[in-house]
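Asks: Anchor point for the sequence shown: position 16 equals 107 in this note's numbering, and the numbering is continuous, going up by one each time.
Among the hints, a few may not be true.
Stated by the list, open to error - Only pairs whose alpha carbons sit at most 30 angstroms apart, straight line, appear in this in silico DSSO-like list of lysine-lysine:
(1) K147 / K136
(2) K116 / K147
(3) K116 / K136
(4) K122 / K110
(5) K110 / K136
(6) K107 / K122
(7) K107 / K136
(8) K110 / K147
(9) K122 / K136
Stated by the list, open to error - Cβ-Cβ distance ranges computed for the label pairs, FRET-style:
(10) E144 / K122: 32 to 40 angstroms
(11) K147 / K110: 19 to 27 angstroms
(12) T148 / A125: 26 to 34 angstroms
Think of the hints as simulated: they come from the structure by calculation, not from any bench.
Glycine included, C-beta positions come from ideal geometry on N, C-alpha and C.
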Amino acid sequence: MEISGARALRCDVCGKIVKEPMFVKTCCNNKPRAFCSRQCYDRWKREWLRNQEQLKTRGRALL
């Protein structure tokens with residue numbers, strides 16, 4: 092599959108090929124992420140926040 096004149100990327104959440112991805116760079120990841128839509132970005136953000144909360148509660152359980 093060739094796309095002439097445009098660079099295609101895959102969404103980091105669903106893997107969909109997009110011509111104009113939405114890029115988000117956070118201070119926590121220090122790496123730009125490509126998303127196909129706002130819904131994929133929100134899904135990734137919810138999952139990332141859930142993982143951060145789990146790390147927080149594990150740290151408290153060890154103390």
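Asks: Going through the numbered hints above, which ones does this structure break? Give me the numbers in ascending order.
Replies: As far as the earlier hints go, 8, 10, 11 are violated by this structure, in ascending order.
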